[in-house]
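A.B. asks: Those protein sequence lines, which keep their order, are chains A and Y.
With the numbering used here, letter number 283 in the first sequence gets 283, and the count goes up by one each step, no holes.
Position in the second sequence (from 1) plus 1000 gives the number in the numbering used here.
These are computed hints drawn from the structure, not numbers from a lab.
One should not assume that every hint holds.
[As the list claims (entries may be wrong)] With beta-carbon atoms standing in for the labels, derived distance ranges:
no., chain 1, residue 1, chain 2, residue 2, range
1, Y, E1122, A, G44, 24 to 34 Å
2, A, R81, Y, Q1013, 52 to 62 Å
3, Y, S1394, A, D61, 43 to 53 Å
Every residue, glycine too, gets a C-beta built ideally from N, C-alpha and C.
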Amino acid sequence: MINHDLPAISLRNVVKTFGSTRALDGLDLEVATGEVHGYLGPNGAGKSVTIRTLLGLLRQDSGEVRLLGSDPWRDAVALHRRLAYVPGDVSLWPNLSGGEIIDYFARLRGDVDKTKRNDLIERFELDPRKKAGTYSKGNRQKVALVVALSSDAELLLLDEPTAGLDPLMETVFQDCILGVAAEGRTVLMSSHILAEVEKLCDRVTIIRLGVAVQRGSLDELRTTTRTAITVATERPIGGLEAVEGVSAVRPDGASLSFEVDNDALGAVMSHLAGFGIRSLISQPPTLEELFLREYDDDLRLVNHDPTP
Amino acid sequence: MDVVATPTPTQPQPLAGFGHIFRFMARRDRLRAPIWVVSIVGLFATSVASVVGLYSTPAELQEYADIAGVDAALKAIAGPGYGLDNPTQGAVVMNETLLYTFIGIALMCMFSIIRHTRAEEETDRAELVRAASVGRLATLTAACLWVALIDGVVALGIVMSLLAFGLPVEGTVAFGLAAWGIGLVFIGVAATTAQVASSARAATAGAGGVLGVSFILRAVGDLGTGWMTWLSPLGWAQSIRAFADERWWVLAPIGFAAVVLVGAGVALSSKRDLGAGLLRQRPGPEEASPGLATPLAMAARQQRTSLISWTLGIAFIGFFFGIVADEADQLLENETIAEFYSQAGTGTPTEAFLATTVLMVALIASGFTVSTVLRLRAEESAGRAAAVMATPVSRYRWASSYLIVSVVGTVVVMAVSGLAIGVGYGLQLGDTDQLLPVLGAALAIVPALLVLAAFAVALIGLRPSLASLAWLGVVVSATVGLLAETLDLPQWSRNLSPFEHVPALPAASLEVFPLVMLLLVAAGITAVGLVAMRRRDVG
Chain A
1 MINHDLPAIS LRNVVKTFGS TRALDGLDLE VATGEVHGYL GPNGAGKSVT
51 IRTLLGLLRQ DSGEVRLLGS DPWRDAVALH RRLAYVPGDV SLWPNLSGGE
101 IIDYFARLRG DVDKTKRNDL IERFELDPRK KAGTYSKGNR QKVALVVALS
151 SDAELLLLDE PTAGLDPLME TVFQDCILGV AAEGRTVLMS SHILAEVEKL
201 CDRVTIIRLG VAVQRGSLDE LRTTTRTAIT VATERPIGGL EAVEGVSAVR
251 PDGASLSFEV DNDALGAVMS HLAGFGIRSL ISQPPTLEEL FLREYDDDLR
301 LVNHDPTP
Chain Y
1001 MDVVATPTPT QPQPLAGFGH IFRFMARRDR LRAPIWVVSI VGLFATSVAS
1051 VVGLYSTPAE LQEYADIAGV DAALKAIAGP GYGLDNPTQG AVVMNETLLY
1101 TFIGIALMCM FSIIRHTRAE EETDRAELVR AASVGRLATL TAACLWVALI
1151 DGVVALGIVM SLLAFGLPVE GTVAFGLAAW GIGLVFIGVA ATTAQVASSA
1201 RAATAGAGGV LGVSFILRAV GDLGTGWMTW LSPLGWAQSI RAFADERWWV
1251 LAPIGFAAVV LVGAGVALSS KRDLGAGLLR QRPGPEEASP GLATPLAMAA
1301 RQQRTSLISW TLGIAFIGFF FGIVADEADQ LLENETIAEF YSQAGTGTPT
1351 EAFLATTVLM VALIASGFTV STVLRLRAEE SAGRAAAVMA TPVSRYRWAS
1401 SYLIVSVVGT VVVMAVSGLA IGVGYGLQLG DTDQLLPVLG AALAIVPALL
1451 VLAAFAVALI GLRPSLASLA WLGVVVSATV GLLAETLDLP QWSRNLSPFE
1501 HVPALPAASL EVFPLVMLLL VAAGITAVGL VAMRRRDVG
């Protein structure tokens, strides 16, 4: 009954305020059915608020939220049969064992797959007999992951699911998500781990101060941003700063380094050609640079600053 | 030749960071501590004013002494009546106010200690604090000193109230020192249970248990078995005999107990890991039992131990009061006593006493009723509510879980306690006539308790951040129920207590109408709370 034409998640111009803070400030987000979507942004950008709004725990002040074709505030209970959620900060009943809590949530969800459950407990190396009060952050995270991954939910909402996991367990998690994706189920996951995002996500949305500032596949994001260029020419280059889209111009030995918006590359090349290009190195931005740029307001202002 | 630097010998600094932690506790308590102090001292001063006003002539004092010196029930809840053979205002004040004031102080001290030590460890904050350059013992010692300071301020307030009403200086000083001392003892009790118990709740339950046993031991002692009084810190505090030929040496065992208990807490705390009690938690089952499949089952599971301890504790107190109830008969001819119980209705003194006992038991049970509903808020604050509501569980279903446990648990507590009172009474007299009437009385008072539960639900729905104000309902009910006469409260304020509208069975006759009204009010308030909860954010 999965409808592939309809987006699994769609938020349009969503605003959510807490007192005077605007946690979501006109947010647009769309996640297609069957994709693994990365949801990135600095701390406090509004990622968890988005996910809690999608769960119908928070109600937006304005804008439209659709989840699997319904309104998550009004149809919360019916929708929750079809999704699984891993909170960012997993809090468990300290006097119950991990196994008891896993079973409790599975029964609340209504689908208990014992084989899957035991398999996941084994893969995540979780001791289900230990009381949850004695679990570390990573182990509490594993409990929530076992609950979510052992379900057959068509949509997984994961709020920083690997925070607290060791690298080995992270690999297990990634395998599980690849399996989920292969079954055509939809995943929305927030994360700070770029390697993980790069490995798992078909598309990403970057949110800052409650607004989506970038969206697309990682390749698209790379091409819509800037390229770093180092060039050596026969004659000194003049007037480069005046070319639209060029920034951070600085001498680099006998050469000149600068950054350029990708859609201004053509104009820059014709400008440079007039000075006799001897060598030219162009570097696409690394993923990390890409994120840092979107995350950090100040950094971006510095880069756009036309004065040397 | 290489010179190897001698490593500076590292000294263990168990108290490092003490000053910072102390100031931080003061900052966290900037609202709580003044509320405790003002409530305890304010209630005390009001009571003193009322006693001083009611009993000023020798004749009035003698009249009071005639009752309090012989009435077993009064002895059990007020004390042995030191100085009443030659009654002074001071002696009457002590007899009327000392015990409940000291219970208030003990509660303040144990709640505060556990809040700053064990409860704090269950959050992630304590780890952050301990990871800073903070000594192993700094938190516990800072907590003890900080709470001892609040306790000292309360004692000072008590001294000033007594002096303000012109009571003798010597007795005032003894009263004040006893007040400070009983607080110190319970600081020690809580500092110790905080180390032994495996969770903050268990630590609170342990310290509360010590307070309950102290109360009962001294009650039994005051009724005749004198040596049992000496097993109870509350008994010691009374035995200073403020205003009744003071026995100063009794301060010695109080101080000694406080020092030993705090010392034990400190010693034990260096023997355990952060967050773990000395009593280890056993591993749990690998799979949940088949029943654990609904929020209601989870709530029942979480409150199981709480329900059992409340039931046993309250039933024990009820049983004990049932045993002494027949003494009320011997005072049949005393007009003043009849007046004392006149609040209760028109029955015999025994019936009036039983009605008062049922009310007292219900007031204690309200602690279970309200705390169980408030678990909803705790679940929400911890983030577990959101995780449950992210599954196909509606908010109503989630909210009704602890509410149903509270309602059913309250009925259980009251039924068992009613039976215990009746059985205690029956054993003493060898007849079972009162068994069913008392059971009926205990059940008839349940609607009033449900109003308190509904009030808590409404707060959680409408103003979750103020949920703990639900205790206000308990405080108002207890003040009206126990102190209405002493404080000479006007009728409109008495009507604020739901218990005021319950017929005082078995002394009065059963009226169904007010009970139905209380149930309707409870249902209405609950509905408001639930609807509000459906409409607000869960956070």
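A.B. asks: The structure should be examined with respect to each hint, and the outcome stated for every one.
C.D. replies: Hint-by-hint comparison with the structure:
no.	hint	result
1	E1122/Y - G44/A: 24 to 34 Å	26 Å, holds
2	R81/A - Q1013/Y: 52 to 62 Å	56 Å, holds
3	S1394/Y - D61/A: 43 to 53 Å	23 Å, violated
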